[in-house]
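*Asks:* As they're listed, the protein sequences go chains H and R. Quick note: the first sequence uses the numbering used here, first residue 265, plus one each step. Quick note: the second sequence uses the numbering used here, first residue 265, plus one each step.
Just so you know, these hints were derived from the structure itself, not from any lab. Any given hint could be a false lead.
If chains are identical, the list can't say which one is meant, so a pair holds when it fits in one copy or spans any two.
[Said to hold, decoys possible] Think about it this way: if two alpha-carbon atoms lie no more than 25 Å apart in a straight line, the pair counts; the simulated DMTMM-like pairs of lysine to aspartate or glutamate are:
hint	residue 1	residue 2
1	272	468
2	272	622
3	462	500
4	519	612
Since this is a predicted model, take the numbers as computed values, not measurements.
Here is what each chain is made of, one letter per residue.
2 protein chains.
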Amino acid sequence: MLNFSVEKTDSRARLGRLELPHGTVRTPCFMPVGTQGTVKTLTPAEIAEAGAEIIVCNTYHLYLRPGHKRIQAAGGLSKFMGWNQPILTDSGGFQVYSLAAMTRVSDEGAEFQSHVDGSRHLFTPELVVEIQEALGADIAMCLDECPPYPVSRPVAEAGVARTTLWADRCSAARQPGTNLFGIVQGATFTDLREQSAKSLVALDLPGYAIGGLCLGEPSEVTYDMVGRVTALLPADRPRYLMGAGYPEDIIAATKLGVDMFDCVLPTRNGRTGTAFTSRGRVVIRNAIHADDSAPLDDACDCYACRTFSRAYLRHLFMVGEALGPKLLTLHNVRFFQRLMLGIRTAIEQGGFESWSSEFLRRYQPARGQSPGPESDTGDCPQTNGS
Amino acid sequence: MLNFSVEKTDSRARLGRLELPHGTVRTPCFMPVGTQGTVKTLTPAEIAEAGAEIIVCNTYHLYLRPGHKRIQAAGGLSKFMGWNQPILTDSGGFQVYSLAAMTRVSDEGAEFQSHVDGSRHLFTPELVVEIQEALGADIAMCLDECPPYPVSRPVAEAGVARTTLWADRCSAARQPGTNLFGIVQGATFTDLREQSAKSLVALDLPGYAIGGLCLGEPSEVTYDMVGRVTALLPADRPRYLMGAGYPEDIIAATKLGVDMFDCVLPTRNGRTGTAFTSRGRVVIRNAIHADDSAPLDDACDCYACRTFSRAYLRHLFMVGEALGPKLLTLHNVRFFQRLMLGIRTAIEQGGFESWSSEFLRRYQPARGQSPGPESDTGDCPQTNGS
Chain H
265 MLNFSVEKTD
275 SRARLGRLEL
285 PHGTVRTPCF
295 MPVGTQGTVK
305 TLTPAEIAEA
315 GAEIIVCNTY
325 HLYLRPGHKR
335 IQAAGGLSKF
345 MGWNQPILTD
355 SGGFQVYSLA
365 AMTRVSDEGA
375 EFQSHVDGSR
385 HLFTPELVVE
395 IQEALGADIA
405 MCLDECPPYP
415 VSRPVAEAGV
425 ARTTLWADRC
435 SAARQPGTNL
445 FGIVQGATFT
455 DLREQSAKSL
465 VALDLPGYAI
475 GGLCLGEPSE
485 VTYDMVGRVT
495 ALLPADRPRY
505 LMGAGYPEDI
515 IAATKLGVDM
525 FDCVLPTRNG
535 RTGTAFTSRG
545 RVVIRNAIHA
555 DDSAPLDDAC
565 DCYACRTFSR
575 AYLRHLFMVG
585 EALGPKLLTL
595 HNVRFFQRLM
605 LGIRTAIEQG
615 GFESWSSEFL
625 RRYQPARGQS
635 PGPESDTGDC
645 PQTNGS
Chain R
265 MLNFSVEKTD
275 SRARLGRLEL
285 PHGTVRTPCF
295 MPVGTQGTVK
305 TLTPAEIAEA
315 GAEIIVCNTY
325 HLYLRPGHKR
335 IQAAGGLSKF
345 MGWNQPILTD
355 SGGFQVYSLA
365 AMTRVSDEGA
375 EFQSHVDGSR
385 HLFTPELVVE
395 IQEALGADIA
405 MCLDECPPYP
415 VSRPVAEAGV
425 ARTTLWADRC
435 SAARQPGTNL
445 FGIVQGATFT
455 DLREQSAKSL
465 VALDLPGYAI
475 GGLCLGEPSE
485 VTYDMVGRVT
495 ALLPADRPRY
505 LMGAGYPEDI
515 IAATKLGVDM
525 FDCVLPTRNG
535 RTGTAFTSRG
545 RVVIRNAIHA
555 DDSAPLDDAC
565 DCYACRTFSR
575 AYLRHLFMVG
585 EALGPKLLTL
595 HNVRFFQRLM
605 LGIRTAIEQG
615 GFESWSSEFL
625 RRYQPARGQS
635 PGPESDTGDC
645 PQTNGS
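In isolation and in its complexed conformation, chain H is listed as follows (with noise of 0.2 Å):
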């Protein structure tokens, strides 16, 4: 039910195909969060136009509202929400800790409250494989244990172990035919993500996600952690940096061997009015663009910008429109999925150290030394909600 196929190799970086039961996506590829069975404020028709192949949906979510037996009996996930091509699934675990209230943890599972109504639950490794699978998600996560950071050591250690043990159960759980990835953890300490990665390789799973990370550490130890973990993992599995969502994040990550990123920045930071560009982040309320007839990148082919204005986009955020938060959420996908093509591109020619040199010339950094007037408060999150 899964073919992954590394196609091309560029030094460490590798361009491959990855055929999943709703379709073939390209990788290194770029899901957008589709949190609630909604990319919020698209449908499903300009997602796909936005070049996207695989988006990510949450079961923590879908669980609570409309419930996944609700979801199964409707024909799964994908038909229930008119979305034709791949889900992967979050397994809930990191919105169970960040979400929910009084979450307790034991080797059992993860005993919380419901955001939306206070109700308490359990969430087994064996329950989350179940709701994935009754979802009818391509990809399935394995429930893990994710610590905020900074973490202690020994908490790290408790994590990695109960990871590995809830990896195992679901593994042993899952159907046959469901596309299982282990979540290798162990926050910023080397030996345990070294230790995490080869106990869920021995799983023999058919890929591997690193969770854990981008969650504020310093891009050096994100990229320390990646590449490690990465020089562990089988070489014909498909890898997936969970949460990494900066341009730069994912040129970096994607020279360490990682094919697969998701984050909540491109739909986030669109609804909150900031625009990913090809030089840069643009704060579309700034009272620059006021007046500004040129859209909002140049350089991108989507619908907003070859229709409107940043003058007109500006109007939309103040006046306090839902068309304006869509316009953006459109471009940021579709800047994003550019981003994955150039990628692409250049290790198919072979040239991505050079293209990423460019590329990363005209993008002003989002974060660094010098942050610049249109810098946001924009943090790296995972997918607690797209």
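Chain H is fixed; fit chain R onto it per the hints.
*Replies:* Quick look at chain R alone, frame taken from chain H:
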């Protein structure tokens, strides 16, 4: 700059063509409301795909934000908002009375405080024409005085007198080529309505609107006023009933010779979760739809009906996702365009009476003795914010 021809009549109902600077409109037509230069939640491409050939925007809102001079500098409202078809601009008179604070009206004009920042402004007939000309409206409306319902006879009398005075000044102030419509007032007093119509007809304007109705008065009163006014209006000019949005009202007024309609009902009700369908209104949040795999309206060809189940649409509303209001808006706007297409086809074929009986038999009236469990509290709002 305006050419109107009645191509066919069926009793008093008229099939017409209205040629305007930005394109041709087939009448009877329904104009979606795009108060702030956007039909809420929809792209211009979606508005056009729904079949709309003209929209209504609002002078009051656009004057305040982003400012008519800014829009003029951007090339006019059509270009600014990416809508390449005709636009009618409301004069702002209704909004001054309904939205602004501390309105003081004299023969000079209407002085008001902005609902946005409290700044003080004076709308004179001349300024209102100037603003609409700066926006590049295909049809501009005279400044009028529109009392609330119910209103005393002396107030209604004064409103008619001032509306006539202002129409005269609007007409004198307009540039050649500005398509200025007069607005018949007179509340629910038959003689005042007739007096208002006659005095405006004497100004020989290119079109006439009927304002100050659909404000809560009984339908029979609305229809009585409309019928009396249309009988006095010149047959070769388009007639526009402002704020009429219920399908049964549109049908009734068409039978009385009205050519143009606008209302916030399709957009506002769409956002709040009520869909207009060929079998009446559907409140999508109702639990009965939780597992319903049927589309909103199996007689509809819109993207929402072609793609999504009621169960999915309900889910979007229950979890507060922006795609829900957008899809119901899209559907409702299409519903009203299909309604008008049905009306035009029936007039062309000479069977409007039987067509409307059949339509209304299927369509459960939204008002009246027994609104049924799926009615909502929607009133018949004029264009004060879609």
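*Asks:* Go through the numbered hints given earlier and state which of them the structure violates, listing their numbers in rising order.
*Replies:* Failing hints: none at all.
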